[in-house]
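So the chains spell out like this:
Protein chains: 2
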Amino acid sequence: MQNILETPVLLLDERRMQHNIERMQNRMDKLGVSFRPHVKTSKCLEVARRQIAAGARGITVSTLKEAEEFFRAGVEDILYAVAIVPNKLDHALKLIRAGLRLTLLVESVAMAEQVARHGAEHGVCYEVLIEIDTDGHRSGVKPADPMLLDIAAALQGGARLKGVMTHAGASYDLNTPEALEAMAEQERSRCVAAAMLLRGAGHACDVVSVGSTPTALSARHLDGVTEVRAGVYVFFDMVMADVGVCTRDEIAISVLCTVIGHQPAQGWIITDGGWMAMSRDLGHQAHGYGVVCDADGQPLPDLGFGKANQEHGVLQWRGDAGVDIVQRFPVGSSLRVLPNHACATGAQHGQYHVIPQNGGDWPVWPRFSGW
Amino acid sequence: MQNILETPVLLLDERRMQHNIERMQNRMDKLGVSFRPHVKTSKCLEVARRQIAAGARGITVSTLKEAEEFFRAGVEDILYAVAIVPNKLDHALKLIRAGLRLTLLVESVAMAEQVARHGAEHGVCYEVLIEIDTDGHRSGVKPADPMLLDIAAALQGGARLKGVMTHAGASYDLNTPEALEAMAEQERSRCVAAAMLLRGAGHACDVVSVGSTPTALSARHLDGVTEVRAGVYVFFDMVMADVGVCTRDEIAISVLCTVIGHQPAQGWIITDGGWMAMSRDLGHQAHGYGVVCDADGQPLPDLGFGKANQEHGVLQWRGDAGVDIVQRFPVGSSLRVLPNHACATGAQHGQYHVIPQNGGDWPVWPRFSGW
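These protein sequences, in sequence, are chains G and B.
For the first sequence, counting from 1, position 117 maps to 117 in this note's numbering; every step adds exactly one.
For the second sequence, counting from 1, position 34 maps to 34 in this note's numbering; every step adds exactly one.
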């Protein structure tokens, strides 16, 4: 069946994806928060539709291109979760004027002032979250930093402070339930503290938005939080398996490739799935370019994937030296590879081939890219 | 000027590219060989047109999608330089029947037999090169391996042996003129030896095709070689600068990004150019995600680029600790980043923005992706 596909090709196991969607949504429902999935992982309307059908309220995007594509498809409430800069304001304005309820992010007084001025000049009032740094991982204002109040004060006229947002990206480097639960609590408590500081100074702060896949799946309670965001949970990947928030059997995407040759003396099986198909993302450096599986998706621990060129994957046989790898994995045979990082591997492909549930045709779901 | 572009965006310096094209073509002309550029680097018709206008004869591709796109645009002589497998033969057949002169690659008896059978069944005669392994780097048959003759013998009926091909990818790991010249000579001599073995056994072997950017720029002579292939030379990148075959001033593409925030305590300048814009390719691990430059492309050695998330680049200030990085690189200011690997960075983008030579508009050259 898979041999009729021209490889390499990105496979999607819809049943696993649906399980992942329901697992997260059920958790959010129980924790009593809204869920706003981050669609940067899939960049695919069919996937987002299923997240919304399961109960998501609005979506999160990493680019205005994503905002534009999903708005065109009917999603009307979108958070652009990267700090806005001047060269993107005209694009944001255009989307808002077309009817999108777009929320922007700032983390500096300078940008808060520019957003407010741009809004005032163009007769709109931008809805804005302030980014809070709860883990020292990347962007944002520290929760007790008095600059928070300066930013809030600058959001006047053409802008309105809607709330605070944080992303505990540091959770990707943890791998015990205890550490993850502690990070989830740190993310929650610090973001709530920032909201309290703002409210204490008289600012409205309706939204308290937190999230990353590991913390969303590890939080014990989310008191004071209004919404959670997560992206990669929809597909999962080896990084998430290493963190410990999914099993390999929950990973919903894989790259189907074909054996194109061998170097028996080196134990190499060469495939047409190189870094262009996998991405260069090495995750936690534990699985090379990904976990090699047979055509049905069962991991083959005897095959490593330590080397890749643009359209060549070089797999290393590390099993019994007596095995004839040319016979065992003949030219033309199929292998599947579980990705280190679903967002990065997905981005290398223009569509998902959805594994047919009862045989039959392969549905093809397009995904977009770029800015 | 650059501030009007919505970042991140891939910039192309056409003047530098034209210099690179002429440098390579002049060298090939002097060495007395045909030149068949590898278009996997640019995947852009405008770029390939300039390579052909400068004297290239035919092109090399890494996917049948590239073959299809360039054939549609009028290129009629294309070498698909990855070993063919059964699931791609129908696609190849379709292109040949549409009039493309497509050359295929094999490196096993099994595939030689399948190609010949497929051709016979469909009434075409595939033109085929045998891949030779001249550096132990990846694929191919060793030049003195008797299997060469078995493959040649299998190319009967629906297939015809056209010649031999090799790619000395190991040259990417060298960095002295002496080592590069030796590798170029090894690539040449071993590929020619394979051709001699085939000819000695009575097989026609018209084509002897070698190449990689480093060896093409380092070969002293190419006796016995009929054509050279190279790809990344058209743009160059930091890997090629590390190898020593270009200067930073010859690198023709860069990613324009915008400062979106800071973490002054850590010396971080955060931009909207993350790994989605740069790729995850770390090259020789010497420059992080790329070499940070000012908006005009002058390197800023005080800025490292060691960390990237999907849409965030985290630059590290490593200059004078007394500098106020918020003032020096304010939110909204532009930076450019030279890529580690032009093929990988280019693949993250849907178009090139060509730097206007005399001010004015930015020409936009589309590039395609996928399979």
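These are computed hints drawn from the structure, not numbers from a lab.
Be aware that a few hints might be false.
For identical chains, the list gives no copy identity; a pair is met inside one copy or between any two copies.
EDC-like mimics (lysine to aspartate or glutamate), calculated; alpha carbons at most 20 Å apart, straight line [stated by the list, open to error]:
1. K307 to E14
2. K65 to E6
3. K65 to E22
4. K162 to D242
5. K65 to D296
6. K307 to D173
7. K162 to E22
8. K142 to D324
9. K307 to E121
10. K30 to D173
11. K142 to E178
Tested hints:
Taking CA atoms no more than 20 Å apart as the test, K307 paired with E14 passes in neither setting, with 29 Å inside one copy and 33 Å between copies. Only between protomers do K65 and E6 lie at most 20 Å apart by alpha-carbon distance; the minimum there is 11 Å, versus 29 Å within a single protomer. Taking the shortest alpha-carbon separations for K65 and E22, neither the intra-copy value of 27 Å nor the inter-copy value of 37 Å comes in at or below 20 Å. For the homomeric pair K162 and D242, neither the shortest alpha-carbon distance inside one copy (35 Å) nor that between copies (49 Å) is at most 20 Å.
For the homomeric pair K65 and D296, neither the shortest alpha-carbon distance inside one copy (35 Å) nor that between copies (26 Å) is at most 20 Å. For the homomeric pair K307 and D173, the shortest alpha-carbon distance between copies (14 Å) is at most 20 Å, but the shortest distance inside one copy (24 Å) is not. With identical chains, the CA atoms of K162 and E22 are never at most 20 Å apart, being 28 Å at best within one copy and 56 Å at best between copies. Proximity of K142 and D324 under a CA criterion of 20 Å is satisfied inter-copy only: 19 Å between copies versus 58 Å inside one chain copy.
Neither within a single protomer nor between protomers do K307 and E121 lie at most 20 Å apart by alpha-carbon distance, with minima of 54 Å and 36 Å respectively. Proximity of K30 to D173 under the C-alpha cut-off of 20 Å is found in neither arrangement, the shortest distances being 26 Å within a copy and 54 Å between copies. In this assembly of identical chains, the alpha carbons of K142 and E178 never lie at most 20 Å apart, being 24 Å within a copy and 54 Å across copies at closest.
In this structure, the earlier hints numbered 1, 3, 4, 5, 7, 9, 10, 11 are contradicted, and the remaining ones agree with it.
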